[in-house]
Amino acid sequence: MNKAVALLEEKFPEEVVEVVEFRGDTTIEVKPERIVEICTALRDNHETAFRYLSMIAGMDYSPASPRFGVVYNLYCHKHHNRITLRARLADDLAPAIDSVATVWSTAIWHEREAYDMMGIRFNGHPDLRRILMPEDWVGHPQRKDYPLRGH
Amino acid sequence: MNQTQALQRTETMQLNVGPSHPSTHGVLRVLVELDGELIVSADPDIGFLHRGIEKMCEYRTYHKCLPLMNRVDYLAGEVNNFGFCLAVEKLLAIEVPKRAQYIRVMIVELTRIASHLFWLGTHGHDLGAMTPLFYCFREREKIMDLCEMASGARMFPLYFRIGGLAADLPEGFLPAAADFVKSFDKLWKDYDALLTENIIWKERTVGVGAMSAADALDWGWSGPMARGSGVDWDLRRDNPYSSYEEFEFVVPLGTKEGDTYSRYLVRMQEMLQSNRIVKQALDKIAATEPGDIKCPDPRVSLPPKELVYTDIAALINHFKLIQEGITPPAGEVYQAIEAPKGEMGFYIVSDGGPQPLRVKVRTPSFVVLSSLDKLAKGRLLSDLIALIGTMDIVLADVDR
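The listed protein sequences derive, respectively, from chains A and B.
Take any residue in the first sequence, count from 1 to its spot, add 663: that is its number in this note's numbering.
Take any residue in the second sequence, count from 1 to its spot, add 12: that is its number in this note's numbering.
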């Protein structure tokens, strides 16, 4: 079994929602509340050593509920393997999750982008501003209910 | 505090660099706070080239995403398509024929050389070296000619398809490519002679923008940026795709300083290694059956034209593929490739329909640019130009 899955199931048995193996990719869905602890454990554990955050993607699963989610892709340079972490956010109107910027510095910009594009708030983020859109922009363009054109 | 010290203390100054400054490599605006000539903070303001490529992908079929992907990193157009095609092929669980895999590797490695040449020419030019630009663009032109030969287009070849290639290589391509490969190692020596031991070049690059390996990983650096800081990591070697495991090449690492000069050395060596891979690819292509460039799976590839005219099932298949597009099974995949600028990742979520539910493009330029403030702090304003140059960013790649 994947070492990351084993670690999470041992240390955070309550948090793991599901584990999906698809086309050789491992995706672990976790509850959002303890995401910082989970990420810190995955980074610092000797066996997993996910020292590198590849990307964070904000997700809009509408019309499903919970509507919003955040996806983290982690890479380990020691074993050359990857996992995807997924968290679904309970609040459809004001989606929020704790920031992992303290775990990986690169998360600062990824989270700014997810905030800008999807309107997901990252609690404890050092500098949560829009990044691609102008500062006075109204709305979050990558939400599914935001029109492609004719805005 | 005596009076002279008090007089020397001044207020900081805000300076706008860009968004249309020649050395910002596109439409990048950097809001710099200066104390005299020293940088207190540098805040990149991006998004001027945001085209909403990820959003647009959600409204079109997988094949129609390809022209958009070409324009993510426009200096290495076909590399983006390479990653996107691999991701969709992973989603579909199909494999493309060996000949197509080798041709893809060859085109992508040629593109890597072209991208590195563009970086070298402009980076050198930014720092006051005029000559390398002309040399580099001379060879880049030859690579673009090869792309034009294969696909008809120079910057955006759009030569790869999900499941293979648009067409086989034209007659005369392999000898032309072989000529380029043969000449490149010698031409490379010209750039090397102009810069590597050049005292002005070293003054501007040595010690500028140093990053430790641990910090590089923390800031998400990949590709030549990370290798310049001593991270021994190359996706082509460590997580091979498209038959890279069959090729022999070395992953060059930088000096222990991890500075701008170190990254220069890494990219210079990478060009030679890419040339080596192209050479091997040419031999491998020559050993495969011409015409075998598409995965025969009817879910993905159009049937042969003769069959469309003579066989009703093939006609229907053709019609459905054009009208509806590919329908991969529901699921999510992440496929990363070693692009010229670092790790380029494609996270694709499918709900089983003909259009992707979500496409996330992880681009190396976006990630690397986020660490500009860290590198620039406490340096001279003129170093900012060296830092933007060494990052090898393309604003289309940053903004998507």
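None of these hints come from the bench; they were simulated from the model.
Mixed in with the good hints there might be a few duds.
Said to hold, decoys possible - Derived PhoX-like pairs: lysine-lysine, alpha-carbon spacing no greater than 25 Å straight-line: (1) B:296 <-> B:198; (2) A:807 <-> B:214; (3) B:291 <-> B:317; (4) A:741 <-> B:389; (5) A:807 <-> B:67; (6) B:296 <-> B:110; (7) B:389 <-> B:268; (8) B:198 <-> B:154; (9) B:214 <-> B:154.
Said to hold, decoys possible - On the chain A side, residues computed to face chain B include the following (Cβ under 8 Å): (10) 714; (11) 716; (12) 722; (13) 725.
From a predicted model like this one, the values you see are computed outputs, not experimental measurements.
Each residue gets a CB set at the ideal place from its N, CA and C atoms; glycine is no exception.
State the violated hints by number, sorted upward, taking the hints as numbered earlier in the document.
2, 3, 4, 9 and 13
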